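Protein chains in written order, with the numbering used here: chain S, 28 to 317; chain W, 217 to 521.
Please note that the accuracy of each hint is not assured.
Straight-line distance between alpha carbons at most 27 Å, and here's what the computed DSSO-like set of lysine-lysine pairs gives [unchecked claim]: (1) Lys195(S) - Lys418(W); (2) Lys418(W) - Lys272(S); (3) Lys418(W) - Lys287(S); (4) Lys330(W) - Lys253(S); (5) Lys211(S) - Lys178(S).
No lab work stands behind these hints: they were computed from the structure. Being a predicted model, the structure only gives us computed values, none of them experimental.
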Amino acid sequence: MTSYNTVNITRQDEIAPGFYLLSFKSPFLVHQAQPGQFVYLRCDNTYDPLLPRPFSIAMVDGEKNEVAILYQVVGRGTALLAQKKELDRFTVLGPLGRGFTLPPSGRLFRPKGGPKRIEPLESFPPSFLRIAVVAGGVGIAPLFFLLQRLKDLPDLTIEVLIGARSIKQLLLGPEVKSLSPQNKLHLATDDGSYGFHGPVTEILATLLKADKMDLVYACGPEAMLKTVAGLLTKYNVPGEISLEKQMGCGVGACLSCVCKTKGDKENSFLYRRVCKEGPVFPVQEIIWEE
Amino acid sequence: MVDLTVEIAGLKLKNPVIAASGTFGFGQEYAPYVDLNRLGAITVKGLTLLPRPGNPPPRLAETPAGILNAIGLQNPGVDYFAASILPYLNQFEVPVIVNIAGETVEEYAALAAKLSELNNIAALEVNISCPNVKKGGLQFGGDPAAAAEVTLAVKNNTCLPVIVKLSPNVTRIETVARAVAQAGADALSLINTILGMAIDLKERRPILGNIFGGLSGPAVKPVALRAVWQVFEEVSLPIIGMGGIFTAQDALEFIMAGAKAVAVGTANFVNPRATIDILEGIENYLRENKIKRLSDLVGAAHCKQ
Ligand SMILES: Cc1cc2nc3c(=O)[nH]c(=O)nc-3n(C[C@H](O)[C@H](O)[C@H](O)COP(=O)(O)OP(=O)(O)OC[C@H]3O[C@@H](n4cnc5c(N)ncnc54)[C@H](O)[C@@H]3O)c2cc1C
Ligand SMILES: Cc1cc2nc3c(=O)[nH]c(=O)nc-3n(C[C@H](O)[C@H](O)[C@H](O)COP(=O)(O)O)c2cc1C
Ligand code: FES
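One chain only, chain S, in its complex shape:
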């Protein structure tokens, strides 16, 4: 279920320099959205910029009937959005795309009829499924909503790894911590201004090396996701990642947003739509360029 609606902004805060958390009322999205899904929204009613912009659903508040997105100002669309105030209105299309596969009661599964998402780990007891959630910068957005949902599942241990350029861009650390006692937080900065000095993927490498992970979820810059994919292949751990591509329609009609994925036959490939088959893909399915 998806819909196209005009919504009211209930709150917008600059939570770090250049990063905004924007909440709006939408009982529909609150009920329909799954972690990893996104909304396609028009930053303003202009012909230039023309297209809506995609943003992951970052938070869902069932009590207030509100949904929030977390975004970084990187260009004209996001700059226009940052000027919006409480009570301003905009149109939202969503929820769109396919989100993360949640492990039901701590067990990895293969959805009925659908393509392979995560391999079942028969050898692993259904208790204490060990999950790593890896975020680079604003990539924490879909993962925070995922953590909101994982919170209610039993028998998980969750390592949350958040990396950023420097301490100023580290997002939602305290919120992750207070979300659930089962979240163990690891922070990393490229410049060493806080936490581990270096890429967040090095923390993941250490955890994987110690054989501590059963399943990994990741979102962040493409270079980071590529490293995550390499690590997961090396240690043979399943994972899902959320990808970004320039979109046109957002609903699967125009074939603009494709990424290269493995095809049915060996060495074959398929262009799959990030807005429809994604934005979340099993990590093994992606074919990385260069």
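Once you've looked at the hints, dock chain W with the ligands against the given chain S.
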């Protein structure tokens, strides 16, 4: 009640608003937002004889008041369409126009023959104007003789109405229009996208994987409108006008320039209900201006030069 019905090459549409090829998928994708039965017609994504993977990404770039696309005709092929997509579309009453593309004249002919055996296809739209494929496409649309040859081959292999979709990437679009009219085309669609490009300053390279792409959206509207005007003056075939139609006002301009119907493309990306909003806007305009029949407005601007 205002009369919005349109007749194009024997094909009766209940209103003039058509979803443009390549921007509306196969209809399914927009069914959650639009009652497909309210549309005049749906033109599906360009089909080829065999499946095509399409161009390497990036495939889309936003430009001032427009977008450049270089999809490269990614599609599942005509057989998959017939087996798995057409049955879905047949649940609706909306006329389905099938857009076809080929690398050779024979391919167009074979596509036309195959599609003509299927039920419930309202018309063929022959895409001789795709700027994003190496072979075919513009190679036909840019040359009046080649355009006529494709038109004739399609006509000889189908009894469906044949709409030929023209490219604006030519010096004189009227010449191509006249050539395909003489070859037996029943109607014309204009325009397809305008060849363009964009460069990524940071990377110092073209943004699109294909280097060039087709420009669409509000930026192309004046060019498209001019093309409709010129072709209306020289050729008597019915015209489906398109290119940057975002509002009912835009659509009415095309109708007054000579289009019998209009197709809405890029606007769907900005507002998934654009087709319906435009339809309702046209209806309101007719009512407010006490015009009984939409057909009375077709080409109206030509009488007042
Ligand atoms: C499925 C999906 C989910 C997304 N979720 C989020 C989210 O939750 N939060 C968020 O902040 N963003 C998210 N994005 C990215 C977001 O859509 C873009 O940042 C946004 O469209 C940029 O619009 P703009 O008009 O501000 O920039 P544009 O004017 O379009 O681009 C300006 C410049 O910024 C560069 N740029 C574009 N995108 C990015 C980027 N992601 N990072 C760095 N530079 C970029 C461009 O190359 C260009 O040079 C998501 C993208 C996708 C596909
Ligand atoms: C993403 C995209 C894909 C398209 N694919 C096709 C196609 O397969 N066949 C075709 O004849 N035209 C195709 N077109 C052209 C449109 O049908 C239309 O002629 C053009 O976009 C101008 O109209 P607009 O400005 O309303 O989009 C495509 C356009 C876009 C934007
Ligand atoms: S954005 Fe159109 S298919 Fe994904």
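How the hints compare with the structure:
1. Lys195(S) - Lys418(W): Holds. Lys195(S) to Lys418(W) sits at ~24 Å (cutoff 27 Å).
2. Lys418(W) - Lys272(S): holds (17 Å)
3. Lys418(W) - Lys287(S): With a Cα-Cα distance of about 23 Å, the restraint between Lys418(W) and Lys287(S) holds, given a limit of 27 Å.
4. Lys330(W) - Lys253(S): violated (44 Å)
5. Lys211(S) - Lys178(S): holds (12 Å)
Consistency note: the structure conflicts with earlier hint 4 alone.
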